[in-house]
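From the two separate chains plus the hints, produce the assembled complex.
Residue numbers (the numbering used here), protein chains in the order written: chain A, 1 to 330; chain B, 1 to 775.
Bear in mind the hints are in silico, worked out from the structure with no lab data behind them.
Incorrect hints may have been included.
To be verified - Computed, partial: chain A to chain B, Cβ under 10 angstroms:
id, residue
1, V238
2, G281
3, L284
The C-beta atom is built at its ideal place from N, Cα and C for all residues, glycine as well.
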Amino acid sequence: MSLDTRLNSHDKGGVGGVAGVLATAEKVRSAVESVIEGKSETVRIALTVLLAEGHLLIEDVPGVGKTMLAKALGRSVDCQVNRVQFTPDLLPSDITGVSVYHQELHEFQFQPGPVFAHIVLGDEINRASPKTQSALLECMEEGQVSVDGVTRSLERPFMVVATQNPGDMEGTYPLPEAQRDRFMARIAVGYPSAQAELDMIDSHSSQSPLESIRPAASTHDVQAMIAEVRSIHVSPAVKRYVVDLVAATRTSSALRLGASPRATLHLVRAARAYAALDNRGHVLPDDVQALAVPVLAHRLLPSPEAQQQQRLPEQVVSDLVSRLPVPDRR
Amino acid sequence: MRRHGGFKPRVALPLAAMVTTLCAFSMLDPVFATSGWWYGSALAVLVVTGIGVALSWSRVPAILVPLAQIVGVACTVTAVYAPESAILGFLPTAASFSALSDLIALGFGDIRMNISPVPVSAGLLVVMTASLGGLGVLVHLVAVQLRLAGLAGMALLALVFVPLTVHHEGVTWSAFALTALGFLLLLAVEGSERSAGWGLRVPPSAEAKNTWASRTGSYLRQLLTTAHIAVVAVVLALLVPLAVPGMVNDAVFALASGARDGGQTVTTVNPLASLRRDITSLGDRRILEYRTSQSRPDYLRMHVLDTFDGENWTMSPVEASQRNRVDDQDLPEPDGFVTPAPDQLATTQVTVSSGTQRMDFLPLPYPTRNLAISGDWFTDPETLMVFSPRGEARGLTYEAVSAAPEPSSAALARTSATGARTVDSRYLDLPDGVDPRVRELAESITGDASSTHARAVALQNWFTSGDRFDYDLSPEPVPEGADPLAHFLFEDRVGYCQQFSAAMAVMARQLGIPARVAVGYTSGTSVSADRWIVTERNAHAWPELYFEGAGWLRFEPTPSSTDAQPSATVPGYAYPAEPDTSSPEGPGSAAQPEDSEGAGTDSESGETSAPVPGGNLADDFGGGTVVEESFPWTGVLIGIGAVAALLLLPALIRGAVRRVRWGRARDALGRSRAAWLELRDDLVDLGVEWRPAESPRGLGRRLENEYRLGSHAKESLRRIVAAEEAARYAPDPLEGRGLGSDGRTVRLALGALQSTRARITAVLLPRSLYTSRRF
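The shape of chain B in the complex, shown without the other chains (with noise of 0.2 angstroms):
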């Protein structure tokens, strides 16, 4: 070791280690419900450390340190959660192992039961302080003793990756960007003890040379010139992938859109497909019975479905978090909640057979407002779904107190169709594929309703009213590349719920209803007085729509026939409003829609009688508003414009630079200094190598050996070069009059002798603008 080696090195790495490690465990905090965890695995840590240096001072084989660690990590945490059983309080005997393995135990068995942000209890602790012990062993190992620091960030990123897969949010800004920080330390440290080794780390001035400032600058520059580069990689890391077409949906990325698609997000099999196994099922088991207060059950909703992707409705993920557990609180109050009466509360008291498939979202009315039940069970706020991650509603009894919402047919029709809405706008998001005959129907059906109430029962009865549609639990199978939707509405016009709930939310969502499709169970039969039983063949799907003032609203599209779905029931509000409406109302009233039914697919059959390939197409851009503007020439103008100056920017800002140089330049010195700026950043612009370590006169000898300049540009860079060396190194400098100019000429000759690229680089481009500069 020469001199310069001894103290420092051997503890700036591993407590730069430490300090990483440490940083690290801020990513784990969300994981947690409280703090204060990680108390006992800092401890860990700082043993380790301590450890690791000490070591290092005595000539222990390097092989031991790891193992005396992982000793150290073994009595800390025995001093910390077992220390009754301990000799001295730290050191481990089989009694306190025996404690600890089943601290460990609990711990791990806490993992497997709770979800994150989970409760910390003192097996957990063991379990944290244990393993981020050994993380703490294993940075040490990597970056101190194999001086490996950039491979220690594998065993962070092993960090990392326990909040993305447990945590629904995953890891937060603060807590990645203080990690990252201290990685980056990790790497300043080791970076600067290396180059100390080159021995070429001159001190800034030779009195200051082994001072404490001197060093500490030494490192603050070293840690400068590291986050220059890591910023840079950092955002080419985040900005790349977004770039590159197919990146985005990388499974790192989703894990890290906040877990919404991993970890604590519900997977179900898809409710439409349940539903039609129930339906369809031969055995028809009874799947729960309900005891219930009320003489007219509603429905008993499971799922809701509110993504339609152009073929099938689909439900959205939901989340299973700490804030939406399901507790003595009443639900959250969903979009357009109306607080009910008191006497308008029912009180429905569920038990599930335990004969049932797999259950992990519960058949309950809506709005559901307050739930007893035992197990984790989660709600989602905007929909009032209620799931479990491990769900298991087999043999459960539930009682749900839930509103019992009974809005007239008046008052709906009174509701405006507009105004601003209460509700998320992607309720009315479809695709871009769906038929263009949909919505013309859609229109032709509800043509002259006058409120969104009038629409929506008009939508309805067109659906129940008539023969127009066979209910048919097995149709036939679309054919092959046509649209379910628009075959079922058009050719076929055979289907069971699900058809019949999908088309006519899909149509209210055309009509500026929100719209989104619910499945469940209908009330099912009436045993008695209160009880009720729901079967398989009760599964059902059906429509809500959105009313303004009154929320969410359930309609009954399917036909309601012994030989459909017998225990399907029309609400009461789904009937048309009386003053508002001059034609018959009621269920039998179907001339209106039977008109404009017919009026639709007049027109429907008219154009499909006329295929023209694209012709849909066509329609679908038709049918947007952009075909009526012009094109937007100013637009584009501004467009091409803005690129241009984008692409000038280098340009502008290099020009800049000269303006300002020259523009301080006032006396013999300054000129020769900007001059001779220039003339650096020139050169770097044409790609010509600066050598720091070259002479003002070695270089201008370089130039004149290595590029064949004119003479009239050699005097140029003379002169430019003797005023430099002259304002560094004479007593007196020169005057420097026409630098300006020789530094125009110079750059002149340089670029006339580099290739026509090199050139158009130098001035949109130009490198210098990027190097560390100096005015």
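Next comes chain A alone, as it looks inside the complex (with noise of 0.2 angstroms):
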């Protein structure tokens, strides 16, 4: 860490703002933080994808903290967190919300579902049924809610945070590539290590430390970080290391389905945010190499051969990191 701000301090151009972002990001940071320990790459990746206006999908055993992450993130932004749990019968309206008649106004009016919110926390994704899980995607996908005609735009930051177990799990319908394809990122919160599992004990005995949380940073705030990371240069040698690497995965032999166009898109978004996280106004490959699985690794098939040899998209796409030889200036 220490070369990397020694770099970034030589940064010149547009420093203000991304200084600017990164005091704030800093602040929502140490509070997300506040309640997972030991967890920093994980907390960074999901800011990444707050700043980048995606969305992101952990996928993990249960009880490793992926609500808790949610729900910290949603916190210590000043804003409108709503949380669904899907199950099996839960409906379209249970999220997007259902027009109601008024008796006394002789009307039908529009009760918002959780959806209209800063971020939605959806727990359980593969629980419910596909019909469900693809109007949450609309939502996600088009920034908006149509129900009975009528267009209604989601908040700006929008986030949706899904949850996922994985495994074969007895009436779970997991997401589709299609869908998942959707997810800017997917991380696994892991384990914690034994010494954040043990101050993780005393620090949630007395009360929830999500109670401690105090905002860090307004929905307005978010909105300017926001703006900001979208004026963060890439160069045209890093956007050719994208292209590249997204190529490679689409005639690797050992995937059977390659990256889309959108990863291709959400990965300059995601890396932009994460150099802006990081204090610098250019992306660099260090940030396509840090997020590539993250971005990519849960959009992919592997071939049967992959399959066979037991080796996950995650590695595969990683081996392809370490193989594609970072652009030089020409």
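Shown next, in the form of structure tokens:
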């Protein structure tokens, strides 16, 4: 980290804005990390997705703090957080909301569903029926809700954090590739380290640490940060690098399905946010490398040979990253 | 198949295999006398490839492909060479098979009968087309179906051996290069297809991804890389055997060096051995008889021994090739040939008895001008020996027209011993180990002779006059370890024509007279006015000496007496020239040579009476001119300097590269570029791993983690990394001052952490020089 900050201190051009982003983001991050101990990289990617206007898929075994992470993120930004527990009998209207006939006013009134929030936490999204899943995914993609022929825009920032239990669990509807593709990144929280778990025992004994989180940024701040992130410079060389990397997933013999063009866009956007969180006005191949697995791996399907060899898409992607030459200046 | 599969790979590899096979045809070209032999074969290979490609598109089991291709070759052969009996002109019938098998039998006959370059006959064409079509099937099977392109080289190697074994000049370099190029193409195409399966061959730019130009470009790059490796491999393959002792004389090298020792070189029993066998034969069988217009016919020569190896005279291999074939034309003119007047030409009609030993060299008068003979006979242009690889002269009759040179002694005495020689200098070559006493003896014998001719005559007479030597067909064997020449000249003095001629030829060479030993028959005995008979006992060896302006002339050092070689005659010119010498001449004039001989033996016995171990060796070296000069200090110093310069060359080039890079860096971008490339090359030089997939920042982090750099070096490294990173990815580059000294700091700091050996290697043999490099 010391090298990075030193290198970035050389940065000129647009530093003020980026530095502002960094200051605010640091506050949010420390707030989240007060709840999720020892997972700074996970938190950083969650923040990256927030700033890159993407949606986050958290996939892990139960009880490692998936929901906690999503809640902490929502509370540390002063915005509305809604939580939806996905169950098989959940209906699309349970998410988007319904129009109800108002007896006194003699008209239909729209009762907004839980999706009308800044951060929507979809717990165990794979438990809902495909119909309900796709209702949420439409909101994710369009940033708007259409009910009874009326289209209502969702407020910005809008981020869906969905959690999913991996493995073959009974009565689940795993997200199809097309829907997984809409999530900007997938992360796993993972078990905490021994020390982090010890600390956790202490911090969780008195009261939930969520209670003590104070909002570190307003929705307005987040909007400003998002705008700032959009202005981060991406050199042609890095754009080429992203395209090459995505193309490599499409030609790799270890993959049955490569990454989509949407993945390319997501990767560049995420890299911008990642660079901003590093207090940099331009994207480096390092940002792309750090984000390649979280942004690309969940969209890929391994080939039968790779499955036989127990190679996961994550391994294939990191293998590609370690072999693809970084772009030179020409 | 992914979408990258499909059309291209299935065609590219078979096409490359076809081109490779066709290129390899060029190696066979010198074997044939006329061009145009390869059309049918090329058509067969084309058919093979076409069938291979067509069947790869259908779902035919792979095992059937070679079978179908073999059928295709058979149809091609039928269509081209026996279309009249075939259905539709190409489907073979029983009749066409029998016609083809007749042709094939003829072709094999041609192969057996002819030596390269062979005339192209219909039978040969069938054999060639069938076998080269088969080669095409083999290459297709190995390279395309089994995907073992490298192994296809073995099949091509088989083709190399054809010209190596049957053609006297072996493989021409151009044909070899063409074949190698074709093979490399095959390897490159195969490699490119294989690496395409790895999925990481990212096209140069995203826009130009699937255009034809970019694909060609990537193929070209692949080919360049292959060529890079191939050139190194070929150069190593050619150079390493030269450096490894014992490998140069390897059979393969012998084959490759023009096939002088293999192929159509004529092997014969040692002429001297057969000479001895003949001469000691009890039966005294008739070898040949001849009719000649001459009253005193000359000897009949068979072999010329031109090399003295310290013990024996041996014959250089001769080669039978098309251009040496004996035909109606005059034979080539040998060195120093004097065009004879018409009346000097003599005709000799020789009939070889049918009961002789195998005879592959013809007994002929020298110099033969024209030879009328049936069968495949060849001539060695330098010595005019006439021979045949399958030689059978038994029962043969032939007619030779020869010049009969009879220069006078006086004329020969006027020829100069100096001046530009018109004869190959190898006729003066002697090995190092010849006993120095032989030279002293030769010089003392010819001490006061004024001309080359006088020296030659003095030498000859020294052998023949008096009772100095005893003629004996079975001399005592030479003691173990003794030099046969010195033993004959100084100890034993017993021998027959072989020893006499050998000794005189060696001594003549030592006197600077080109000499060689001829083996053949004497004139034999006359049975009527123009008929002569030569028997085994007439077998003989004699020296031939070269005279400027007169050519090769025979001398006769073997004593002529009834119990020796009765038919030996001394030629008329081999007597001392009258005006030049004051001493009595003729055969009886033994006084002068006798004297010199006495002096020679005296000095020689004086030396041998006090033998010094190793004395001969010292004399050997003392005999040269080296001892006169002082030790060549300047040469040694220049040599050491050259070696040192050679050793320092890589370091100097590396320094030059550094200077050029910094010299080109004018702006911030250039400076950061130079610093970065220098950092890269320094790392490569020091043996630190360089990963193309690592970003500048990633490299910096790795270096800091793996090496305990001082804070100063760390700062320098960070500045270089930051400058390169900004130049590559940031909107504005950094200023980049002082990067040169930063580079030096990092280099020294990294070097200090490496072993001494790595440091020395980095300076003297910088690895960055032979990795691919961009300025």
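A quick look at each hint next to the structure:
no., hint, result
1, V238, "holds, 6 angstroms"
2, G281, "holds, 7 angstroms"
3, L284, "holds, 5 angstroms"
Every hint from the earlier list agrees with this structure, and none is contradicted.
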